[in-house]
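S.K.: Listed below are the residues making up each chain.
Number of protein chains: 2
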Amino acid sequence: MRLLSTEIRAAAENGTASVEAAGWVHRIRELGAVNFIILRDRGGTVQLVLNEKHNLTLESVIKVEGEPALNEKAPGGVEIRVKKFEILNMAQAELPYQVNGDASKIGLESILDNRILSLRNPKIRAVFELQSVIIEAFGGYLRSHGFTEIKTSKLVSGGTEGGTELFAVDYFDSKVYLAQSPQFYKEVMVASGLERVFEIAPAYRAEKHDTPRHLNEYVSFDIEMGFIDSEIELINLEKELLAHIFEETQKKCQNAFSLWKSSAPLPETAAKSPVIGYEEALKIVNDEASKAGKARIFDITPEAESLLCAWSERENGSALVFVNEFPRRYRPFYTYPLDASRTMSFDALFRGLEITTGGKRQHDYACFCEALTKFGLKPEYFPGYATLLKFGCPPHGGFAVGCERLTARLLGIANVKEASLFPRDRKRVLP
Amino acid sequence: MRLLSTEIRAAAENGTASVEAAGWVHRIRELGAVNFIILRDRGGTVQLVLNEKHNLTLESVIKVEGEPALNEKAPGGVEIRVKKFEILNMAQAELPYQVNGDASKIGLESILDNRILSLRNPKIRAVFELQSVIIEAFGGYLRSHGFTEIKTSKLVSGGTEGGTELFAVDYFDSKVYLAQSPQFYKEVMVASGLERVFEIAPAYRAEKHDTPRHLNEYVSFDIEMGFIDSEIELINLEKELLAHIFEETQKKCQNAFSLWKSSAPLPETAAKSPVIGYEEALKIVNDEASKAGKARIFDITPEAESLLCAWSERENGSALVFVNEFPRRYRPFYTYPLDASRTMSFDALFRGLEITTGGKRQHDYACFCEALTKFGLKPEYFPGYATLLKFGCPPHGGFAVGCERLTARLLGIANVKEASLFPRDRKRVLP
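Protein sequences, first through last, are from chains A and B. Going by this note's numbering, the final residue of the first sequence carries number 431, and the count climbs one at a time with no gaps. Going by this note's numbering, the final residue of the second sequence carries number 1431, and the count climbs one at a time with no gaps.
The hints are simulated quantities; they were obtained by calculation from the structure and are not laboratory data. Beta carbons are placed, not taken as given, at the ideal position from N, Cα and C, and that holds for glycine.
Simulated crosslink set (BS3-like; lysine-lysine; CA at most 27 Å straight-line):
1) Lys1123/B with Lys1427/B
2) Lys390/A with Lys1105/B
3) Lys1105/B with Lys1261/B
4) Lys251/A with Lys261/A
5) Lys1123/B with Lys390/A
6) Lys272/A with Lys261/A
7) Lys390/A with Lys1053/B
8) Lys123/A with Lys63/A
9) Lys390/A with Lys1063/B
10) Lys1175/B with Lys208/A
11) Lys283/A with Lys272/A
12) Lys84/A with Lys53/A
13) Lys123/A with Lys252/A
14) Lys427/A with Lys1175/B
15) Lys1208/B with Lys175/A
16) Lys175/A with Lys1427/B
17) Lys1208/B with Lys1175/B
18) Lys1208/B with Lys1427/B
19) Lys1123/B with Lys1251/B
20) Lys390/A with Lys1427/B
21) Lys1084/B with Lys390/A
22) Lys378/A with Lys1427/B
23) Lys1291/B with Lys1272/B
24) Lys427/A with Lys1378/B
25) Lys1175/B with Lys175/A
26) Lys1073/B with Lys1063/B
Selected chain A positions facing chain B (in silico; Cβ < 10 Å):
27) Ser60
28) Arg120
29) Arg125
30) Phe128
31) Ser153
32) Phe172
33) Ala201
34) Phe391
35) Lys427
Derived list of chain B stretches under chain A, where covered just means 3 residues or more per stretch with a C-beta under 8 Å from a C-beta of chain A:
36) 1149–1156
37) 1166–1175
38) 1190–1203
39) 1425–1431
For reference, chain A alone in the conformation it holds in the complex:
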């Protein structure tokens, strides 16, 4: 039976006479009489020692059998002395992308242009091993707290946020749009009686700008829950949820953190994260800006997010900050008011980047219609909300976490595109 590279050491220590291994040719070193191959598999790498020279290319897929042996000089202290050698698929010699190189020395465009091969680089691949653990931890935490996972349609007849920045789809004889968010559907599912729901699914924004924080298609972690009083319950839920994700990734993703020279925050720091009203947050931002000799900042801009997280890391030992009570004009019409000018809404900022937007939602139909008109919209634009809110919708709220943003910030990746397997931007739809 095939062993993974990570299992060879134990086999050598146990005195196993012969093991089978398979994977990719990561490196070749030919000394004539003795030849070395570094074999790469999903576990990591292991050194193979061969007495014959094989006509081999990098990235070829091979299968070997041989004796596992401890050897201090081998990387990882173990090697396989090969007795049987088989090429499963020979790679062509001229690799268009150097898989075994230092990923940090290669530009993002080249990494993405060569995505099919660049994903083989252990450091680049590790991003997605970590992302898989984030997905698992997200769902696992919520299930253990009474949440049901839902899968809602991504083809909608209009946008929840008001109809802009949507991708149109030719749907038989009509036009539909790719959903920006499952907002309406997750509210329906709270009111359906599931009360607590989450969804992990793609979301689409037809935004033209190209920044290190935007993707036109991203994975949205969505949460919605009923019977809440204010956004504070949502913030507390997110603190516990993130603490769990920090804990699980730190436990299971040593390899990714080590390759990226990063680590997850200590889980207990999430609870210490401050919750700051929008106006107070702006004051802190401008205190920090002025100390740094920077110009006045008038909103929670990317620069403000960065200053707030640095401030909190210094003052609270947590680079996670919650800003709540956003002014009404900055939030969607369905946001629940705190008073005439402020809303029960919040953002979560983590290591200098907004990773979450959320809030309590309006559940009273008359108030909902009143809010709509203030935004210059009409109830007729949102017929589904009438049915949702007229027939017994509980007080509720929710939030969404951007999967790629959280992944990127955990590993210290500068551009979220690197945390998307096959990122889509205005110019990129391949591979």
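Given the coordinates of chain A, work out where chain B should sit on it, guided by the hints.
M.R.: Chain B only, in chain A's frame:
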């Protein structure tokens, strides 16, 4: 603190003096001096006893406090004698859909037209409680067997299956398409070195026909793994995976099974499921058809699927059947050949319905190109495959399970649309 309806009995037995409950008004029975409300929440229902009459409507959301008390005459043997009563959101009186009715007496069109309210019916909602458990069990099993969860783009520049039946998307100044399957991407991720991957995501088919087994948007459970010899390893994996899903749903979804008068197969029956070559399967089908006085069947049609599952249930005690060795003409060009006419491919049929298609894939680029030309296609149509296969792609294969089909067959639901929260067909894009 609020208790769920399912927690009231224990509170009564423990002599708790007062509990809080919240939910929807499911039924009202007014006797004058004493009034009863059946309160529905995500746990189930519980009877409330009130001495006053409140001006209430069905489906209104209420919060109560009161004394929990055992009462043999109450449904479930327990009730809350209400001391404090609050209406959180009053529902309008004229419900367009009867939530507390018998769902089996309502037509599918009416259920789907009124989806926002029909999902509140306990029997209809239970479909999605079970679906959530299927999703959890699917991912949980695979993670514990070395699989990594991936999230790939649903916006692609062409179709893996050859370009037909795709929905076009206006993507800035160009056209892209909604992915029919993550086929190419999951193969890339196997070759990236993750080796074993799975994805849970929407998939799109622009098929015009409207049948009880088709959806234009569905949730696809996708699996792909490297270093396999034939499709038999995939079939064995699926048997174990389904056994786990049967076990978990039976354990956690008593409510759904009881409302739908169904049950999961015993987990151990999955291992007993037969694996039958296509030609032999057709023979069995026609033996069965002839016994039933039916006309000859020339392919694995829906009728054949039904006959095969019934035959296997009778002969093997399992309504799960694997048919492999499909003729080359019936399978996509990338399918690995068994011989000149047959392929290393399979379908899984469960309770009369195909729930899976899969197989080993071609990993040799020269053979891949040769196969393409037999299908009248050109390698230039699939530039990504050149990079994938030329530079060291291991032998691999995989399969996909339709989430809605599996859900429907577990509960005995006749039309897969009922197992989709917000189904999309040619005429339906709302709600």
